[in-house]
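Colleague: For reference, the chains in residue letters:
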Amino acid sequence: MIRISTQQFAILSAAILMGTTFMIVGSYAIGDAGRDGWMAVIPGYLVGLPFSLMILSLLGKYPDLNFIEISEKILGKWLAKIIGGIFSLITIYFGACISVQGVDIVNRALLPTMPNYILVIFPLALILYLYYSGFEVMARFAEVIYPLIVFSLILICILIFPHFEQNEIFPILEEGFMPILKAVFSMTPWPMEYVLFLLIMLPFLPNSKKDIKTMRKGLFIAFLVVGLLNTIVVLVQILTFGPKEAARVTYGLLYLANMVEISRTINGLESIFLIVWLGMSIIKVTGFFYAGLAGLRTVFGLKSRKWALAVGLFYLVFPLYLLRGTDAFVETALIDQYAILPLGVFWVVVVWGVEKWKSRQKKAI
Amino acid sequence: MEKSPEKSHLKLSFKLMALLLGLMLLLTGCGGKKEVEELFFVLGVGVDLGKEEGTYVITLQMADPKISGGGGAEIGNLTVSIETDSLAEVQDKLNESLEKQPFMGTVRIFVIGEELARSGLNDAIDLFQRFSQFRRSAYLLVAKGEAKEVLSATIQGKDLPALSLLETIEGQKHFSVFPVTRLGHYLTVLGRDGQRPLIPLVEVLEKGEHGITYQSNEKGGRELTVHEAGVFQGGMMKGVLSDEESKGYLWLDDQVNSRIIFTEVMDGIKISCRIVDTKTKYKVEEINGQIGIRFIIDARGVIREIWGQKQTFNNIEWQDFLKACEPYVSQAIQKECEAAIAKSKKLQLDFVGIGRKIEVKKPKYWQQVRDNWEEQLLDIPIVYEIMVDIEHAGFVRNSPSSIEDK
Numbered sequence: 001m002i003r004i005s006t007q008q009f010a011i012l013s014a015a016i017l018m019g020t021t022f023m024i025v026g027s028y029a030i031g032d033a034g035r036d037g038w039m040a041v042i043p044g045y046l047v048g049l050p051f052s053l054m055i056l057s058l059l060g061k062y063p064d065l066n067f068i069e070i071s072e073k074i075l076g077k078w079l080a081k082i083i084g085g086i087f088s089l090i091t092i093y094f095g096a097c098i099s100v101q102g103v104d105i106v107n108r109a110l111l112p113t114m115p116n117y118i119l120v121i122f123p124l125a126l127i128l129y130l131y132y133s134g135f136e137v138m139a140r141f142a143e144v145i146y147p148l149i150v151f152s153l154i155l156i157c158i159l160i161f162p163h164f165e166q167n168e169i170f171p172i173l174e175e176g177f178m179p180i181l182k183a184v185f186s187m188t189p190w191p192m193e194y195v196l197f198l199l200i201m202l203p204f205l206p207n208s209k210k211d212i213k214t215m216r217k218g219l220f221i222a223f224l225v226v227g228l229l230n231t232i233v234v235l236v237q238i239l240t241f242g243p244k245e246a247a248r249v250t251y252g253l254l255y256l257a258n259m260v261e262i263s264r265t266i267n268g269l270e271s272i273f274l275i276v277w278l279g280m281s282i283i284k285v286t287g288f289f290y291a292g293l294a295g296l297r298t299v300f301g302l303k304s305r306k307w308a309l310a311v312g313l314f315y316l317v318f319p320l321y322l323l324r325g326t327d328a329f330v331e332t333a334l335i336d337q338y339a340i341l342p343l344g345v346f347w348v349v350v351v352w353g354v355e356k357w358k359s360r361q362k363k364a365i
Numbered sequence: 001m002e003k004s005p006e007k008s009h010l011k012l013s014f015k016l017m018a019l020l021l022g023l024m025l026l027l028t029g030c031g032g033k034k035e036v037e038e039l040f041f042v043l044g045v046g047v048d049l050g051k052e053e054g055t056y057v058i059t060l061q062m063a064d065p066k067i068s069g070g071g072g073a074e075i076g077n078l079t080v081s082i083e084t085d086s087l088a089e090v091q092d093k094l095n096e097s098l099e100k101q102p103f104m105g106t107v108r109i110f111v112i113g114e115e116l117a118r119s120g121l122n123d124a125i126d127l128f129q130r131f132s133q134f135r136r137s138a139y140l141l142v143a144k145g146e147a148k149e150v151l152s153a154t155i156q157g158k159d160l161p162a163l164s165l166l167e168t169i170e171g172q173k174h175f176s177v178f179p180v181t182r183l184g185h186y187l188t189v190l191g192r193d194g195q196r197p198l199i200p201l202v203e204v205l206e207k208g209e210h211g212i213t214y215q216s217n218e219k220g221g222r223e224l225t226v227h228e229a230g231v232f233q234g235g236m237m238k239g240v241l242s243d244e245e246s247k248g249y250l251w252l253d254d255q256v257n258s259r260i261i262f263t264e265v266m267d268g269i270k271i272s273c274r275i276v277d278t279k280t281k282y283k284v285e286e287i288n289g290q291i292g293i294r295f296i297i298d299a300r301g302v303i304r305e306i307w308g309q310k311q312t313f314n315n316i317e318w319q320d321f322l323k324a325c326e327p328y329v330s331q332a333i334q335k336e337c338e339a340a341i342a343k344s345k346k347l348q349l350d351f352v353g354i355g356r357k358i359e360v361k362k363p364k365y366w367q368q369v370r371d372n373w374e375e376q377l378l379d380i381p382i383v384y385e386i387m388v389d390i391e392h393a394g395f396v397r398n399s400p401s402s403i404e405d406k
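Chains A and B are the protein sequences, given in the same order.
So that you can map any letter, position 49 of the first sequence is 49 in the working numbering, and since no number is skipped, the others follow by simple counting.
So that you can map any letter, position 238 of the second sequence is 238 in the working numbering, and since no number is skipped, the others follow by simple counting.
I should point out that these hints are in silico values taken from the structure, not numbers from a laboratory.
In this text, a Cβ means the ideal position worked out from N, Cα and C, and glycines have one as well.
The reader is advised that the hints may include incorrect statements.
Heads up, simulated SDA-like pairs for lysine to any residue below, C-alpha to C-alpha not over 25 Å straight-line [said to hold, decoys possible]:
no., chain 1, residue 1, chain 2, residue 2
1, B, K361, A, P171
2, B, K279, A, P171
3, B, K361, A, F177
4, B, K364, A, N167
5, B, K281, A, H163
6, A, K244, B, D254
7, B, K93, A, L111
8, A, K362, A, Y62
9, B, K362, A, I169
Computed footprint of chain A on chain B, listed as stretches where at least three residues anywhere in the stretch have a Cβ under 8 Å from a Cβ of chain A [claimed, not checked]:
no., segment
10, 125-138
11, 183-193
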């Protein structure tokens, strides 16, 4: 099995963590915490860090096993298979929902009359290509796309500067800490999405003690960088739109980029960067596609490549006929809140806790 | 030798991908695309109330670029007014009569008719915010009268009134004589509890009106001027600021880049002082036992013109004269500021944003007063601290009038 490097791990982690959250982070953070919303982003992301470290801590002991297989050893075969089955369904369905969101973004911002099948087939071809090419290719794809995302976000934040409204971030903490806590809670599912992906990534990671130490550091940096970038995106939205206006906007970044104008000549940056932004969506969808199929393979032993095509067919049909536009936005939020967050927290804590308890028991004997 | 399963898997995936990518070539990827020559570029949109209740008259001013004989480009003006139930419906109606599609991505000016502004414009700007082709950076104006009349005026020098208005507004970067409101700024201020939005007014000038006569006036054409400003509450225009009040607002909101201040200084001497640099700060503090606001304006100016200077000053006297002029310029600025505040109190609409300033500096106090803020506005103490530094008076010191006297 080809393992990715520790650097690829850090960048792929940052890419999956980021996904397309930079599009909606403003709406969530500012919707809950108003002009203090920017303060909620980094804490919201850091909630996922301990869970990720718990998973990494199992890597040294159980190399070459994904979390479902580790769960089988710790919790027993059947309980692990039930949880693994639920995990597969959630990840496959969630990945499909994100792909609909990608279509929705293009429709709203750029090409309202573009036939959806074009917007679905092209990314799906890329997703299947990444899947069949193996985990390392996905990591390399992230290495190419992620710096472009960082560049595009920073560029937009700089170019929007002339449109800043004075003092919109003040007063700070006017409503106290409660709205910020609410916003932190709203964002908690995002790092948990990554946590679910990490569960399946384990067999592809290097597992020497030195590498695990480096990956811990990489993980911390990935969480911090993604949190910081999204904080900047939220801050810029508050400074440009004001809190009430920013909370009304669905995809704040598109709206920001739409305002950028350079010397009365260049505008419509959103259409230029949309391709790159969709690259992030593709990485995330591929991640969940991968996770779902790895789950099916582990739980049901479905190793044939035809299953990937069957799931791919679902990813084709779902955005075309089953879910559209605003429904995708709502559905993604619901799965995040009621499926991904509880599953991630429960599963990781239980497996990690039982493993620790068993280790202590063994040591005591 | 037997092939490894990994390798054959990879080969098959390449075949599959090649097939899928090949199929992409059969798809017309640019769905909904329009060639440039198939488009009319909309530069200005006017919205008026229609004759029938619940209808609007939408005026679109479109540029129709054509290649002229000399190889350059000419811009044709196509201005269309359509009465419809909704703004978006205009697209449908235009398709019945125009050979090209209107492209909204180039809209730079929105003009709202006066009657619509008074009855409420927020519904009418919903489309401008929602549809991705429109830009939040476009400018908002309220027409004195009808927006249709503004966009269809025959004016001097420019074929397209929307372009002329755009140049006028962007000229405010150099001289600040009326407030500039972008769609985005209006929407942001709309969300503030402690400030009401302002939109400048645009007027079609008849011959000699506003003290200006243009060549085109002589030929029967008319001109456009942007001055005064409408104050909005809940999307409805509740009052109009005079030129002096609008300029006062510009000082208080730190929006002045440059201005000419004309004032009498002493013994019948009048000066025009060009303010070349200025900054307005404010402090929210206790004034006479009550929370109030202190505006601190720091301006740097140069004398552009002197009227009625009969004496001849030597260097020392000249220096004293310039110093003596400074408080008069300060007073003239303060007069404009006071006019804006007086109007704000009269209308009980805080367009200066004193409430917002209190919210920023004293949030706890703001929580106490926010519910009936505009009633409390009447009693709020306001202090001005205006410092003008006149640096020089151009190429000459003494005026030609001083020679006459000798």
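Colleague: Determine for every hint whether it applies to the structure shown.
Modeller: Right, here's what the structure says about each hint:
1. About 7 Å separates the Cα atoms of B:K361 and A:P171, which keeps this hinted pair within 25 Å; it holds.
2. Between B:K279 and A:P171 the CA atoms are separated by roughly 22 Å; this keeps the pair inside 25 Å, and the hint holds.
3. Of the supplied pair hints, the one linking B:K361 and A:F177 holds, its CA atoms being roughly 19 Å apart against a limit of 25 Å.
4. Between B:K364 and A:N167 the alpha-carbon distance is near 17 Å, which keeps this suggested pair within the 25 Å criterion.
5. Annotation: proposed proximity of B:K281 to A:H163 holds, straight-line Cα distance about 20 Å (limit 25 Å).
6. Between the alpha carbons of A:K244 and B:D254 the distance comes to roughly 23 Å, so the proposed pair stays at or under 25 Å and holds.
7. In summary, the hint linking B:K93 to A:L111 is supported, as the alpha carbons are separated by about 21 Å, within the 25 Å threshold.
8. Distance restraint check for A:K362 and A:Y62: the Cα-Cα separation of roughly 16 Å lies within the 25 Å cut-off, and the hinted pair is therefore satisfied.
9. Of the pairs offered as hints, the one joining B:K362 and A:I169 holds, with about 14 Å between alpha carbons and a cut-off of 25 Å not exceeded.
10. With 4 residues carrying a beta carbon less than 8 Å from a beta carbon of chain A, the segment 125-138 of chain B meets the three-residue requirement, and the given coverage holds.
11. Against chain A, the segment 183-193 of chain B contributes 8 residues with a C-beta closer than 8 Å to a partner C-beta. That satisfies the three-residue criterion, and the hint holds.
Consistency with the previously given hints is maintained throughout, with no hint failing.
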